[in-house]
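Peer 1: Residue numbers (my numbering), protein chains in the order written: chain A, 14 to 360; chain B, 21 to 317.
A portion of the hints provided could be inaccurate.
What the hints assert, rightly or not - Some but not every residue of chain A turned toward chain B, in silico, with C-beta under 10 Å: (1) A16; (2) G87; (3) R90; (4) Y104; (5) Q116; (6) S121; (7) P135.
These are calculated hints, taken from the structure and not from any lab test.
For clarity, every value in this text was computed on a predicted model and none was experimentally measured.
We put the CB at the ideal spot given by N, CA and C, even for glycine.
Here is how the chains run, residue by residue.
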Amino acid sequence: MNALLEVENLKVRFRSMGMLRALATRTSDPYIDAVCDVSFQVRPGETLGLVGESGSGKSTIARTLMGLNPAHSGSIRFDGRELTDLSQRSYKPFRRDMAMMFQDPVGSLSPRLTVRSLITEPFLIHGIRDRDRDVEAKRLLEMVGLSEEFAQRFPHQLSGGQARRVGVARALALDPRLIIADEPTAGLDVSVQGEVINLLARLQEELGIGMLVITHNLNVVRHISDHMAVMYLGRFVEKGPTEEVFYRPRHPYTEVLLSANPEPDPDARLERIEARGDVPSLMQRPPACEFHTRCPKAQEICSQVDPEVTTAEEGHTFRCHFPVNTPEDPDTDTVGAGSAGRSSRPG
Amino acid sequence: MPATDMTRSEGQPMREPSAWVQHWRQLCRNPLGLLGLILVVLMVGSALLANVIVPYDPAQVMVGPRLGPPTWHNLMGTDQLGRDTFSRVIMGGQVALIVALASLSAALSLGLLLGLVAGFGPRWLDNGLLLLLDSVRAFPVIIFALAVVTLLGPSLYTVVFVVAITSIPVYARVVRTQTQALRDHEYVLAERAMGASTRRILGVHIMPNVIGPLLILASMDVPLVIALEAGLSFLGMGVRPPTPSWGTILNNGYNYIQNSPWPVIAGGIPIILTTLGFTFLGEALRDIFDPKLRRDL
């Protein structure tokens with residue numbers, strides 16, 4: 014099946030200082046690369062999970078896909094059509110097919126509008142006047158499991174989980190083909206997180222939408238995504254089928270990230286692999302492999318030569334000189350054993 | 021009694037009293053605010069119904085005493101031409117109200133527009149507008165007024181024009197700051213991601229959140245405007261005689277203050293009461309709508 018969304022070598026840069034200051038300090042390149050050389054695709058009915066620490070560029074990718082930030086270079090193709098060089102006006106039709114859910118469930122709803130107006134807002138924006146807004150509001154609320162009474166409420170009268178459902182309803186209003194969910198579980202308590210994730214998974218199954226889920230919650234990724242990509246300082250360090258990455262992480266950073274995930278089973282063998290120090294600033298991006306300053310396996314070459322993208326089996330790619338858990342490695346299932354018990358994916 | 025009211029309304033299932041009812045209750049708990057509201061209603065009411073209330077034509081010269089003290093026939097006495105001061109004060113309220121309404125609504129709408137554009141638009145536009153607004157604000161109001169009066173001649177419209185121009189920058193700056201604060205809110209991003217036009221974002225999603233503080237600011241500016249009109253009329257640069265205005269009444273009374281204090285008192289009291297009324301009301305509104313200043317929470 015053809016990819017719905019294809020991103021190739023996407024690069025997003027932001028100005029790090031004003032023009033005058035750059036001249037005064039003789040900075041030849043007053044930019045920071047928030048997203049660097051990122052490629053991925055999302056097929057219809059498939060979910061890609063993006064994970065990474067705060068500040069690794071996950072949300073920037075989402076905003077660039079929605080045309081809220083300009084891309085510096087690279088290409089974004091939606092349904093075969095290039096989006097990076099479109100004007101805001103010609104972007105509009107694509108915004109019907111792509112919908113985004115923002116991090117803050119309540120904060121992403123306009124505070125003076127009722128739920129009814131909020132979820133039917135897309136119809137007004139895209140000039141669809143032949144549908145009855147009350148009927149549509151009712152249909153959408155029902156779809157996300159909220160009762161009709163919510164139509165008259167204001168955002169500040171909703172709980173986090175309810176507001177998130179309203180956000181989902183709004184994203185679904187125009188039957189999009191791709192949903193970008195930025196931290197769909199942020200700020201919700203665990204039981205509500207589960208509800209929201211199951212809701213998204215159910216709707217995706219029913220409607221066959223492609224989904225890009227951005228999160229730092231590994232359990233969420235594991236639960237709903239088919240493929241996942243791990244980001245570090247704006248780069249994909251590892252990408253592959255979710256189970257494959259969880260079972261056999263090849264990049265040391267992924268291994269660190271996975272071993273930091275809290276384990277609900279108190280009897281499980283706890284083997285924590287830690288990274289040294291803090292995340293470096295984007296302003297001073299480490300040369301060559303970005304992770305070498307913190308990597309437990311780093312050697313001299315890591316700070317001198319850019320690692321190539323290596324493809325292991327089944328589209329599992331990573332970017333590292335000294336990958337861990339190679340098949341020849343007798344030590345293969347150190348992480349595998351720990352996660353094997355929880356590797357059976359629910360649903 | 022209010023306590024039983026409250027328990028009853030709370031006893032009804034899922035029915036919170038509407039926002040207006042809540043605001044009204046808060047206002048009732050604020051005696052100064054209530055006093056302000058009463059004074060404002062009195063002033064606006066008397067100005068609106070002036071033609072019905074006035075016992076005499078305010079420009080009519082009567083064959084009674086000149087500079088007379090208050091009597092049952094002339095509630096506030098008569099002025100140096102023998103005109104009824106009470107009628108003139110009531111009609112003068114109309115002038116004050118017209119100036120306040122016309123100039124403030126012009127300043128509000130233009131300030132709102134400029135502020136939204138400056139706050140939401142590109143950086144260069146913001147800087148350009150700020151420069152313009154700050155240069156207007158740098159002018160001393162009364163000097164600017166004198167210059168405009170010299171150019172256009174003294175009239176009610178000149179007063180309205182001067183007040184409007186000098187109030188725009190204040191409102192525009194308030195709106196600009198608020199707009200900038202809201203611009204990067206996630207809900208505005210969400211609207212942009214859905215493809216909403218700039219006009220829609222500004223009109224539907226930003227303006228309603230900006231206009232509340234702006235109206236409160238305007239209500240507290242009403243006394244300033246009325247005082248400015250009175251001041252210009254006092255200097256002979258405002259409305260032309262024989263149209264009565266509080267400023268001209270004060271001015272005439274001032275010239276004859278050694279003969280009778282009544283015209284000055286009659287012209288001064290409404291200015292004081294209106295100023296107090298709008299200030300109290302504005303402060304009460306600010307306390308009610310700005311949750312951070314609410315004492316009852």
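Peer 1: Checking against the hints above, which ones are violated?
Peer 2: Structure breaks hints 1, 2, 3.
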